[in-house]
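S.K.: Read top to bottom, the protein sequences are chains A and B.
First residue of the first sequence? That's 1 in full-length UniProt numbering, and the numbers climb one at a time after it.
First residue of the second sequence? That's 1 in full-length UniProt numbering, and the numbers climb one at a time after it.
By construction, these hints were calculated from the structure, which means they are not laboratory data.
Misleading hints may appear alongside valid ones.
Since the list gives no way to pick one copy over another, a pair counts as held whenever it fits inside one copy or between any two copies.
Subject to a maximum C-alpha distance of 30 Å in a straight line, what follows is the list of computed DSSO-like cross-link-like pairs (lysine-lysine) [claimed, not checked]:
| no. | residue 1 | residue 2 |
| --- | --- | --- |
| 1 | K44 | K111 |
| 2 | K187 | K168 |
| 3 | K93 | K168 |
| 4 | K44 | K93 |
| 5 | K168 | K118 |
| 6 | K118 | K44 |
A quick note: this is a predicted structure, and the numbers were derived from the prediction, not measured.
There are 2 protein chains.
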Amino acid sequence: MRETLLQLAARSFATQGYTATTMRSIADQAGIEAASIYYHFASKEELVEVVVAHGGDSIVQHIREHVDAVPSDAGSEARFKAAVLGQMSALIKFGDYALAHGRLLTQLPDKARERQVKRHEQNQQLWMSLLEDLRAERLVRPELDLALCRVMLLGPINSVQGWFNPRKGSLEHVADQICSMFFEGVKPATTRKPARRAAPAVSS
Amino acid sequence: MRETLLQLAARSFATQGYTATTMRSIADQAGIEAASIYYHFASKEELVEVVVAHGGDSIVQHIREHVDAVPSDAGSEARFKAAVLGQMSALIKFGDYALAHGRLLTQLPDKARERQVKRHEQNQQLWMSLLEDLRAERLVRPELDLALCRVMLLGPINSVQGWFNPRKGSLEHVADQICSMFFEGVKPATTRKPARRAAPAVSS
DNA sequence: GTCTATAGATTGATAGAC
DNA sequence: GTCTATCAATCTATAGAC
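Please take these sequences and the hints and turn them into a complete structure.
M.R.: This is how it looks when you write it as structure tokens:
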């Protein structure tokens with residue numbers, strides 16, 4: 001029952017938000033009375049914090065597993081790509097927990113939020129060090145800001161649940177395309193640095 | 001007073017969410033009683049809908065102004081860059097209204113949400129046609145999915161308020177870096193792979 | 001472990017005075 | 001236009017039976 005409540009709570013918190021989620025609605029979906037939840041969790045705050053913490057822990061652990069599976073003699077690009085697939089698959093795999101972790105940080109009650117911020121900063125630091133490794137191997141142009149590179153990559157990835165459609169290609173294939181766009185850009189190699197081509201004023 | 005209430009409501013809706021925002025808290029910040037809000041707005045739903053609609057309208061209009069200011073004989077890349085700067089500056093300029101528009105679509109009461117979804121889809125369609133124009137001029141590699149390109153670009157841009165720091169560079173400079181990363185990638189030209197053909201297609 | 005019953009606080013909204 | 005006063009509904013949480 002505890003697991004059932006956590007699942008239902010995760011879904012509701014992720015989609016409706018913290019305040020909009022009521023103990024009654026969770027209990028209704030679980031087929032029990034609202035008061036019975038308090039046998040498993042001391043309060044609504046504890047419930048949401050368990051959900052968010054579980055989401056955060058699962059994501060971090062999942063990424064580290066992917067990164068650690070890369071041979072230590074591989075380059076920074078291989079580790080980076082593993083992290084990309086790791087973060088994407090974590091967000092898909094842990095579904096509502098991951099969504100709750102991502103969307104509820106700002107809605108949490110003050111004390112619960114403070115306790116979760118550290119994990120978020122740790123994750124940002126992991127990505128910054130991956131990017132710094134790339135730069136050390138001269139795989140990132142020197143004029144680009146690394147913080148901006150992180151945003152450019154994590155912006156799309158962290159919303160993967162909102163746009164990923166498994167019917168249009170596997171997650172591995174999408175991760176490859178994202179890494180390809182990130183490293184090589186969307187332009188064809190032949191078009192890459194031309195003097196402005198006088199394009200015909202057509203283009204519908 | 002109506003404008004004051006809208007401003008305060010926008011900030012609260014954007015940061016706290018719909019349900020967590022109370023009429024009393026808005027009234028308190030405005031220095032009036034909660035009941036007085038109902039002289040200006042019929043209900044909480046009407047209030048949030050005015051906020052979200054104003055945010056959406058402002059953004060769409062602002063982007064179109066930027067795009068329409070590009071000479072009609074310019075290429076699709078120039079229009080695209082104008083749209084990038086337009087969307088970013090709109091999100092900054094309209095602050096809480098823009099944030100409310102972006103974050104509240106899922107939290108809105110059912111009827112209000114349906115009315116706002118159209119605007120969102122229109123905006124997505126604008127970006128898809130900009131990307132299609134780029135492809136028509138062979139500025140996007142043929143093996144890349146255009147919907148994924150849109151996500152890759154809008155993911156970072158739509159969260160611009162969360163990471164933009166004016167002390168680290170103007171918005172124009174940041175927009176330039178983003179476009180550069182989008183088109184050319186982060187790798188130095190010398191390290192870049194030659195065109196990589198025949199993506200592994202859909203595996204699973 | 002789950003229930004019934006209920007306390008205590010807060011919410012969106014209305015009525016009517018000024 | 002804003003106020004005071006208030007209502008009905010809903011919320012989190014507790015107490016105690018089973």
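S.K.: Hints first: check each against the structure and report whether it holds.
M.R.: Hint by hint, here is what the structure shows:
When the C-alpha separation of K44 and K111 is checked against a cutoff of 30 Å, the pair qualifies both within a copy, at 13 Å, and between copies, at 28 Å. In the homo-oligomer, the alpha carbons of K187 and K168 lie at most 30 Å apart both inside one protomer (22 Å) and across protomers (28 Å), since each shortest distance falls under that limit. Only within a single protomer do K93 and K168 lie at most 30 Å apart by alpha-carbon distance; the minimum there is 18 Å, versus 36 Å between protomers. Taking the shortest Cα distances, K44 and K93 sit within 30 Å of each other inside one copy (25 Å), while across copies they are farther apart (37 Å).
Taking the shortest Cα distances, K168 and K118 sit within 30 Å of each other only across copies (24 Å), while inside one copy they are farther apart (36 Å). Taking identical chains as interchangeable, the C-alpha atoms of K118 and K44 lie at most 30 Å apart only when both belong to the same chain, with a minimum of 21 Å there against 35 Å between chains.
In this structure, every one of the numbered hints holds.
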